[in-house]
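S.K.: One-letter residues, chain by chain:
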Amino acid sequence: MAESADAQERHILATELRWSAMVAVLVAAILSVVVYTAISVGINPPSNVERIDPKSLHLTGEFAEHNLGTSVAADGAITARMVATQFAFVPRCIALPSGKPVTLRFASPDVVHGLLITGTNVNTMVVPGYIAQVHTVFTQTGDLLMPCHEYCGLGHSEMWAVVQVVPEKEFKPASDGRASCEKR
Amino acid sequence: MTHLESQIGRSSLPQDKDGIDEGSLESVMREVPRGAMALAGTAVALLTVGWVAIYLFVFVPRGVVG
Chain L
285 MAESADAQER HILATELRWS AMVAVLVAAI LSVVVYTAIS VGINPPSNVE
335 RIDPKSLHLT GEFAEHNLGT SVAADGAITA RMVATQFAFV PRCIALPSGK
385 PVTLRFASPD VVHGLLITGT NVNTMVVPGY IAQVHTVFTQ TGDLLMPCHE
435 YCGLGHSEMW AVVQVVPEKE FKPASDGRAS CEKR
Chain P
141 MTHLESQIGR SSLPQDKDGI DEGSLESVMR EVPRGAMALA GTAVALLTVG
191 WVAIYLFVFV PRGVVG
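Respectively, the protein sequence lines represent chains L and P.
Residue numbers for the first sequence follow this note's numbering, so the first one is 285 and each next one is one higher.
Residue numbers for the second sequence follow this note's numbering, so the first one is 141 and each next one is one higher.
These are computed hints drawn from the structure, not numbers from a lab.
As the structure is a prediction and not an experimental result, all values here were calculated from the model.
Certain hints may be false.
[Unchecked claim] Output of the computed footprint for chain P on chain L, the stretches with three or more beta carbons under 8 angstroms from beta carbons of chain P: (1) 317-330; (2) 370-376; (3) 401-407; (4) 432-445.
[As the list claims (entries may be wrong)] Computed from the model, here is a short list of chain P residues facing chain L with C-beta under 10 angstroms: (5) Phe199; (6) Arg202; (7) Gly203; (8) Val205.
Virtual Cβ for every residue (Gly too), placed ideally from N, Cα, C.
Given these sequences and hints, build the entire structure.
M.R.: What follows is the structure, given as C-alpha cells:
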C-alpha cells in the first residue's frame, strides 16, 4: 500500500512538472510574440525621459500657447503639442493625417494626467516635470475622442479633447506649417 | 496502511466507517488529477486563445506606437 502511495506521489509530481513545463512554454511563447512584434513592427510602450519646468512651460519655449497644436517641420516631420491641465487639453482639438508617422508631445503644469486616443494604441501618462511623447501612425480617419484617464480632480470627467484624423490627401497645413481642426 | 494514515500514525481513518472502501477511494484519487488537468488545461487554453485573438485582431491593427 505504501508503494502504491509513493507511486501516486510520483505520478502527481510528474503531472505538476509537466504542467509547470507547459506554463513555462506558454509564457515564453507569449513573450516571444511581444518581443518579435516590438522588433519587427516597432510597437513598444512609449518611453521618453525629457524634463521641463512645469511652472514656466506655458510662458516660453515649446509649450507656449502660440506653439501648441499640430505643426509640420521643413523636413515633413509632423508634431502635435498639447498641454494637459486641470481640466482641459489645450488645444481642445488637433488635426493629424492618417497613414503618416506623427509625434505627439504633452506636458502638464499642475498634476498628473493621462490620456488615450480611442481606437488606437496611444496611451500615456502626463507627469508634471516631464514631457510625454508618443510616436504613432493612425490607421483610421475620423474624430477620435481623447479623454484624460488619470483622475486629476473634480473636473476630471470633463477633461477630454478630439483628435481629428484626416486622410493624408486632405491634410493641408498652412504656409507656416500649422494645421488646425476643421469645424464640422 | 495508506500514506496519510502512516503520516498521522493511525491504522484506520474515521472515514472508513462511511463504508467507502480503499479501492474506490484510490480509483477516485487516480481520476481526480486527470479532471483537474482537463479543467486547468481548458481554462488556460481559452485564455491563451483570447489573448492571441485580441493581440492579432485588435492590438496590432490599431497601429504602431512607441
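S.K.: Checked against the structure, which of the hints given earlier come out wrong?
M.R.: Numbers 2 and 4 - these are the hints that the structure violates, sorted from lowest upward.
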